[in-house]
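Residue numbers (full-length UniProt numbering), protein chains in the order written: chain A, 1 to 540; chain B, 1 to 540.
It is worth saying that the hints were derived from the structure and are not from the lab.
Incorrect hints may appear among the rest.
Copies of the same chain look alike in the list, so a pair counts if it fits in one copy or across any two.
[To be verified] Straight-line distance between alpha carbons at most 27 Å, and here's what the computed DSS-like set of lysine-lysine pairs gives:
id : residue 1 : residue 2
1  : K30       : K245
2  : K230      : K245
3  : K73       : K6
4  : K225      : K532
5  : K93       : K232
6  : K339      : K428
7  : K477      : K6
8  : K223      : K104
9  : K73       : K223
10 : K479      : K443
11 : K225      : K93
12 : K428      : K320
13 : K466      : K235
14 : K223      : K532
15 : K425      : K466
There are 2 protein chains.
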Amino acid sequence: MKKNFKPTNPLVGALFTDLYELTMAYGYWKAGIDQDHAVFDLFFRHCPFGGEFTVYAGLEENLRLVSNFHFRKSDIEHLEQVAMPGLEPEFYKYLETLDFSGTKIYAPREGTLVFPRIPLLRVEGPLVMGQILETAALNQTNYPTLIATNAARMRLAAGPNKLMVEFGLRRSQGPDGGISASRYAYIGGFDGTSNVLAGQLFGIPEKGTMAHSFAQAFTSLAKLKTPILKDKSGKEHDFVGLVLKIRNELGFTQTNDGELAAFIAYAQAFPNNFLALVDTYNTLESGVPNFICVATALSLLGYKPIGVRIDSGDLAKLSKQIRRAFETGGYSYGVDLFKQSIFASNSINEKILRSLNEQEHEINGFGIGENLVTCQAQPALGGVYKLVEINGRSRRKISEDTVQSKSAGKTTIPGRKTAYRLFGKNGKPLADIMTGASEAAPKAGEKTFCINPFDGNIRVHITPSKVLELHELVWDKGKIAVNLPPLKEIRQYVSDQLANMPAEHLRADNPTPYPVWVSQKLYDTTRELLAKETPTREIN
Amino acid sequence: MKKNFKPTNPLVGALFTDLYELTMAYGYWKAGIDQDHAVFDLFFRHCPFGGEFTVYAGLEENLRLVSNFHFRKSDIEHLEQVAMPGLEPEFYKYLETLDFSGTKIYAPREGTLVFPRIPLLRVEGPLVMGQILETAALNQTNYPTLIATNAARMRLAAGPNKLMVEFGLRRSQGPDGGISASRYAYIGGFDGTSNVLAGQLFGIPEKGTMAHSFAQAFTSLAKLKTPILKDKSGKEHDFVGLVLKIRNELGFTQTNDGELAAFIAYAQAFPNNFLALVDTYNTLESGVPNFICVATALSLLGYKPIGVRIDSGDLAKLSKQIRRAFETGGYSYGVDLFKQSIFASNSINEKILRSLNEQEHEINGFGIGENLVTCQAQPALGGVYKLVEINGRSRRKISEDTVQSKSAGKTTIPGRKTAYRLFGKNGKPLADIMTGASEAAPKAGEKTFCINPFDGNIRVHITPSKVLELHELVWDKGKIAVNLPPLKEIRQYVSDQLANMPAEHLRADNPTPYPVWVSQKLYDTTRELLAKETPTREIN
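Construct all of the structure, not just a fragment, from the sequences and the given hints.
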């Protein structure tokens, strides 16, 4: 267990909620049903980005909130004086007593691949506490899950061997839009982040070199403080002289002097980490030749330069042109620059990654900001949080959409449920099945009857070779009931599951939906409740 | 000045940045140019959402960051041990000394309507500090400006008299994705938020009543603790009996008992704020009749109920059907429910607001979450931060896109600039003009020569009746140099400007771009620099 188990963002506390959770809390308390035993499910209805898989994330932060939950004096003062004045005075005192010690929470392991309608949190206990958790739980599940999934999709698109760095801080929604983005992009399969604070908070590898301003800030070679660079053995060399000699010999006379000065200064500062942004003036005529001169000189002094970054232009074409330039660049000095990294940024998204593949690009790594962190292709997951049982009675909302269309619409599968992943002989997942939480679990080697939750005519028998219960008790008796793994382990778990998932569910175009079945009993409960609680409409 | 002038989010500090700002800081320091005098501009290239106006926001939070900026011991330890190990030891000590006392910042007033390429921040001072501010300034300008603009567009679409409440906390990017969203949606013209924390932090009105779970939590009328409600004078009444009598007399025998119990409980808790969510089971057959019974009973006891909320179905059609039901609902009791509010939520966006208008809806207020806070139509502003001058020399980046296309592309207008808004005789804005910061200002009543920044053939003379300098010195000598207005005042300023802006720039479809001109001198500098710093490409 972490020593200091508080929410990462100090603002996350009891008032981190929608007002209606608290007006309802008052309504429950006043009606005397606040301690009624309630079960809430948090789930989503469709996988994001037109895909058929979702990476579950956000559990740890939710448990941090639950562990620390209490109304502080200043919170209650705000409610009493501003947000909800004039209520019975005992209610404000009652708020002080509230915590999650009487609540149990079940959830899949963070990083689990999940599918529509599988509960991501099942919250059991006093009605008032289940209600109060709603907004924060959604906030800390929706975006984390969305971006982890987005990152995983981009990782699948780019392939396993590319360096992928999250660059989104400047375009994210407020300060810890960025912090959340960095955390969950890493879980989803990114290698690092530009965000230093996320590095500090979460131990995510931090990456970054230079912006265009660095190249611009050096107006000429005269701006350099010293021509000297020590080689690996500590011996001083006239580095600037060496670079200029190479530049002259290679005939790169048209390159921008200020840019060359910037590259030299950067190499002097970071001789072991020389990566140059080459598109400030002209990628092929200035940036790349300047890089070749400096990288060759660095190599002659025993250092290993890293490569270049491009941030504009035709990325695939440029990458191939740059690779060709690398091929011959240091050749006459016995320096092999061919395998130098080409790192690309500039409005990259999943579609562009796939397009670059088709163009047989030569890019080794990607920096992705805006389209990763804003999840441009679908900026919200749409997870919801529904009351599914009260005092042992199944509950469901029958929305207007359910009534008006024949489809399942917004309908909720009621009752206290759990879910199992059924694996085939080849060790790969075949399907999930949801059952009532008190039903017997499916067993490996035994036939399991599965029925489509919305169409009773669709049914199958599955004989799994392995059964994994997806939910575990993560919060019980006022304590976190599981070991929370480090981010790196969650990231590996995501990666392992993706590697073991049939490709048909992962592909970008027209993926096959992963089947989520229910048990006969759960199916029957759902139908009965719909029939019972929907009045027959009078149309006239 | 606020007493406690810190960033709202305690995580916002010196490490709230991209790593490359700090690697560049080291590069500048090592090359001895860290104190060179630099000017950076923060600006955007296109108004968001296909529109032709933008509401500038985020200034106060940026000034809070700047006011408190310093590297703490733990920050420097992180850099020394993890993020940037192995640098010259003096550099880590140097970081301790950095602050913004030598920097001047110019900006438009928060809430100003702004247009492409107008600097939103002009940061002048030591190169290293201008560089270090980049990421945080972008983070705290891009999203704030985007969502303030989105909110303003939704307000324009809905009209001035609708109650508009931001409901986005559950779908926002991490905790203060939500907090930022609430703040800047309010500036843009929303009336309130569901987010209690934003209410506490910023004094934004908080709104909220009930979720579907509240209706579901009451399984029957037997769940009610007491039948009693006191009237305005304090006299006790059998409220449940009264409601059931009305229900019986109006013939609403098919309505859901649990829902009715929930409405009664809510009315008992909030007799002065009775607003019922009516679509849990069936809006017209259950929710609305149940509302009518409870609202009529409340009215008979001297209370004024508020209305209903719908969260699913055909919103325009339902609103008209509900209005008709209101018309006759309390009639036989002498209670007029006709003007009860109809409040709608459920995936509303700007387009839907306009479509609802065409359908002549009867909705009085909107709760907008996901599409407001994620800015679904365009989830990032794309603001950038560029070095435009160093030691008095204008600088610009010539991007690959500039070279490859004939258009202005990513090109930057160089130099230390300011901007003026020129008003016509009718008091409305005619155009903005950017000039070098040391050029003479345009004067009211005098002819001003204006030229298109990217096409010298397009030029006009404007004789303004009034001239407003858009930029003011907001940070100087280590202090905030302006009075920061309360949010309410910023919100009013936005609203006043929108009311005074020619409609052609505000309309949703094919709006006319608002003209942004430059002075002849600025035009010439831009062209000269492009010619000088771009090598003529050799194509072979």
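Here's how the hints hold up against the structure:
no. : hint        : verdict
1   : K30 / K245  : between (85 Å within a copy, 23 Å between copies)
2   : K230 / K245 : within (18 Å within a copy, 94 Å between copies)
3   : K73 / K6    : both (18 Å within a copy, 22 Å between copies)
4   : K225 / K532 : between (82 Å within a copy, 25 Å between copies)
5   : K93 / K232  : between (68 Å within a copy, 25 Å between copies)
6   : K339 / K428 : neither (37 Å within a copy, 60 Å between copies)
7   : K477 / K6   : within (18 Å within a copy, 38 Å between copies)
8   : K223 / K104 : between (64 Å within a copy, 24 Å between copies)
9   : K73 / K223  : neither (58 Å within a copy, 32 Å between copies)
10  : K479 / K443 : neither (30 Å within a copy, 69 Å between copies)
11  : K225 / K93  : between (67 Å within a copy, 20 Å between copies)
12  : K428 / K320 : neither (38 Å within a copy, 53 Å between copies)
13  : K466 / K235 : neither (63 Å within a copy, 66 Å between copies)
14  : K223 / K532 : between (81 Å within a copy, 19 Å between copies)
15  : K425 / K466 : within (8 Å within a copy, 79 Å between copies)
In summary, the structure is inconsistent with hints 6, 9, 10, 12, 13 from the numbered list given earlier, while agreeing with the others.
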